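Starting from the known structure of chain A, fit chain B onto it as the hints suggest.
Protein chains: 2
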Amino acid sequence: MGPGPSDVSARVLGALSRPTIGHLDPLFLQLMDEIKALLQYAFQTKNPLTLPISAPGSAGMEACFANLVSPGDTVIVCQNGVFGGRMKENVERCGGTAVMVQDEWGRSVDPAKVESAFIAHPEASILAFVHAETSTGASSDAAALCELATRHGALSIVDTVTSLAGIEVAVDRWQADAVYSGTQKCLSCVPGISPVTFSERAVARINQRTHKVQSWFLDMQLVMEYWGGDGKRAYHHTAPVNDLYALHEALLILQEEGLEASHARHLHNHQALVAGLEAMGLAMAVDAAHRLPQLNSVTIPQGVDDAALRSALLNEFDLEIGAGLGALAGKTWRIGLMGFASNERNVLYCLQALEAVLQSQGAPICAGQALPAARAALGQ
Amino acid sequence: MGPGPSDVSARVLGALSRPTIGHLDPLFLQLMDEIKALLQYAFQTKNPLTLPISAPGSAGMEACFANLVSPGDTVIVCQNGVFGGRMKENVERCGGTAVMVQDEWGRSVDPAKVESAFIAHPEASILAFVHAETSTGASSDAAALCELATRHGALSIVDTVTSLAGIEVAVDRWQADAVYSGTQKCLSCVPGISPVTFSERAVARINQRTHKVQSWFLDMQLVMEYWGGDGKRAYHHTAPVNDLYALHEALLILQEEGLEASHARHLHNHQALVAGLEAMGLAMAVDAAHRLPQLNSVTIPQGVDDAALRSALLNEFDLEIGAGLGALAGKTWRIGLMGFASNERNVLYCLQALEAVLQSQGAPICAGQALPAARAALGQ
Numbered sequence: 001m002g003p004g005p006s007d008v009s010a011r012v013l014g015a016l017s018r019p020t021i022g023h024l025d026p027l028f029l030q031l032m033d034e035i036k037a038l039l040q041y042a043f044q045t046k047n048p049l050t051l052p053i054s055a056p057g058s059a060g061m062e063a064c065f066a067n068l069v070s071p072g073d074t075v076i077v078c079q080n081g082v083f084g085g086r087m088k089e090n091v092e093r094c095g096g097t098a099v100m101v102q103d104e105w106g107r108s109v110d111p112a113k114v115e116s117a118f119i120a121h122p123e124a125s126i127l128a129f130v131h132a133e134t135s136t137g138a139s140s141d142a143a144a145l146c147e148l149a150t151r152h153g154a155l156s157i158v159d160t161v162t163s164l165a166g167i168e169v170a171v172d173r174w175q176a177d178a179v180y181s182g183t184q185k186c187l188s189c190v191p192g193i194s195p196v197t198f199s200e201r202a203v204a205r206i207n208q209r210t211h212k213v214q215s216w217f218l219d220m221q222l223v224m225e226y227w228g229g230d231g232k233r234a235y236h237h238t239a240p241v242n243d244l245y246a247l248h249e250a251l252l253i254l255q256e257e258g259l260e261a262s263h264a265r266h267l268h269n270h271q272a273l274v275a276g277l278e279a280m281g282l283a284m285a286v287d288a289a290h291r292l293p294q295l296n297s298v299t300i301p302q303g304v305d306d307a308a309l310r311s312a313l314l315n316e317f318d319l320e321i322g323a324g325l326g327a328l329a330g331k332t333w334r335i336g337l338m339g340f341a342s343n344e345r346n347v348l349y350c351l352q353a354l355e356a357v358l359q360s361q362g363a364p365i366c367a368g369q370a371l372p373a374a375r376a377a378l379g380q
Numbered sequence: 001m002g003p004g005p006s007d008v009s010a011r012v013l014g015a016l017s018r019p020t021i022g023h024l025d026p027l028f029l030q031l032m033d034e035i036k037a038l039l040q041y042a043f044q045t046k047n048p049l050t051l052p053i054s055a056p057g058s059a060g061m062e063a064c065f066a067n068l069v070s071p072g073d074t075v076i077v078c079q080n081g082v083f084g085g086r087m088k089e090n091v092e093r094c095g096g097t098a099v100m101v102q103d104e105w106g107r108s109v110d111p112a113k114v115e116s117a118f119i120a121h122p123e124a125s126i127l128a129f130v131h132a133e134t135s136t137g138a139s140s141d142a143a144a145l146c147e148l149a150t151r152h153g154a155l156s157i158v159d160t161v162t163s164l165a166g167i168e169v170a171v172d173r174w175q176a177d178a179v180y181s182g183t184q185k186c187l188s189c190v191p192g193i194s195p196v197t198f199s200e201r202a203v204a205r206i207n208q209r210t211h212k213v214q215s216w217f218l219d220m221q222l223v224m225e226y227w228g229g230d231g232k233r234a235y236h237h238t239a240p241v242n243d244l245y246a247l248h249e250a251l252l253i254l255q256e257e258g259l260e261a262s263h264a265r266h267l268h269n270h271q272a273l274v275a276g277l278e279a280m281g282l283a284m285a286v287d288a289a290h291r292l293p294q295l296n297s298v299t300i301p302q303g304v305d306d307a308a309l310r311s312a313l314l315n316e317f318d319l320e321i322g323a324g325l326g327a328l329a330g331k332t333w334r335i336g337l338m339g340f341a342s343n344e345r346n347v348l349y350c351l352q353a354l355e356a357v358l359q360s361q362g363a364p365i366c367a368g369q370a371l372p373a374a375r376a377a378l379g380q
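Protein sequence lines correspond, in order, to chains A and B. Heads up: the first sequence begins at 1 in our numbering, then just goes up one per residue. Heads up: the second sequence begins at 1 in our numbering, then just goes up one per residue.
The set of hints was computed from the structure by calculation and includes no laboratory data. Be aware that one or more of the hints could be misleading.
Treat identical chains as interchangeable: a pair holds within one or across any two.
Only pairs whose alpha carbons sit at most 27 Å apart, straight line, appear in this in silico DSS-like list of lysine-lysine [claimed, not checked]:
hint: 1; residue 1: Lys232; residue 2: Lys331
hint: 2; residue 1: Lys46; residue 2: Lys36
hint: 3; residue 1: Lys113; residue 2: Lys88
hint: 4; residue 1: Lys88; residue 2: Lys232
It should be emphasised that the depicted structure is a prediction, and the values quoted were computed from it without experimental measurement.
This is chain A alone, in the form it adopts within the complex (with noise of 0.2 Å):
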């Protein structure tokens, strides 16, 4: 129940281990056919340049700066968190002018300040934004940004890592440019594939390059050619055929629940456990209207021993929270609620272990209070 990697299901476990097949077999490119419908499915996009990245979130999200910023681009970045100066270095790294906008840790992205940045800056020619920051647990209004970005004639870059399945995300509908994901979240896949989709704005920019992307691996033109839809499948790199057989499973599990479903089971076992949470007289991290359901923020109490706690919690209950991250670190704890872990169970058995340990630690809470408020919550 950290910020990921998830649980992930005996079920997406049994078909990691399936054996390895070539990743020219037949077999092979018609489960890669599969993926793509799969993940446009949980994208809820029709580009054709959908596709998992053969490596972490990071990558993912740098093969959509890679190929999208070119020396001397502007692009305007919203950091509320960790992740969005993770976009300023790759901005950076790809000769590009990053213009941040920030906003305090654990808030939104303001669309007001940018709207002032693209005023200032009539030059950009991207805007960046985490639509879920897995740092502090917050999310900021997508459409709102990337209707921001359209007007202004930008392409959109977000970041959906944490989000996918979670909450909506609607990439059609929000005219976002380039998005990316990852495995280890809300689809409770093994870590280590970044899911990605381009709209065909972008792919017309990466097409219209007058020199080479930096990355060799990360190159879209390239991986196109084994990923793209005209039949050809020419051998870029070995895929990580297992790896992929997992998100195969995991895009299957998501399909059979439905989307709609799923962000509705997310919602209701975090507002269980924020119940049981505030019962036990702690208190969360972000304002409600903007909180993620799959990360709960939560602020330590005073007095509190961050690390003893989450040692306790991993040693005594096998259970694991995340610390707070970067400015974050030390003020807050990270419960993840996400994909398979996002049950009644978890909510209960997390209340009941957090309660014994800050006991045991002799905080000040409200002994008793948070199972009884959890469970109402969950209707039992």
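The following block gives chain B in isolation, referenced to the frame of chain A:
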């Protein structure tokens, strides 16, 4: 029995499918230490900077070039197959100039040509070559080439994707500087991970860089902070936890067998396969002195339908062999005897299947000779 991914044993698949834990879990950090030590054994090195890159071999290649090549650098690149060409792409995308040393596909790299290139280009700061060309099945003399680099004050970048564990890879004895490999060849692990090792000279050059590595994901100064020996374990990206379980198990299996025994087994089965193929009347595409035991290139006889033969092997015999790649497409087959798949049963099965399909195509082969020849070579 293609050029990789090779067959993965049930033991490695079992490790792969263990429950996913956090990438900062103390148990996982311990596993990382063990993987590092096991990789040092496999590479025959004491290099502290030895670790698995969280992406396929192509990304391992890129990690070596992106960290060591700066804009304006001259790099001597040896090409005797597909992967030397990929190295050239990497040099150029890093802003360097590639001086190409060309050898015929299927032949070894000629050290005399490399010496001439160093004399003609005294400014060259790196020599890059492929130890075992996966596209042709030819090996090159890594010890001699690394020695040339050292003598001319250059670093060496060595591709050991197909060689590691199949033939000797002696990083410290060679004084090689940056060496990358893959998991999906003679380690018989799932594809998707690239072991790399950097010498102290290479680390010194990385630390002397005056501008950032163009890839954030592959920036070894950042990757080191997670994998490094200082115990900090700073978060960089989410490690591919399950793939690393599998790599750990594959490396344990290698250690249990021992490197020398593994090399001897690859050679033994290779000799039997060659005896059978030649008894059938087929010709090997690479000179005996430079054949890779783990990757056997066979000249396709005139009049044989390459694609139809490989389809028949796959569909009727459940057996994959590789097509020729690049300049050798349609001219050779590539039969892998890699890692777990290098065994007597596979040698005999492949010969039987190949003979049956060639006969059904009416190819002029010596029927009934292959199995006795192979059995004799196996000492059966």
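Hint check results:
1. Lys232 with Lys331: Close across copies (20 Å), not inside one copy (52 Å); limit 27 Å.
2. Lys46 with Lys36: within (10 Å within a copy, 43 Å between copies)
3. Lys113 with Lys88: within (17 Å within a copy, 44 Å between copies)
4. Lys88 with Lys232: between (36 Å within a copy, 24 Å between copies)
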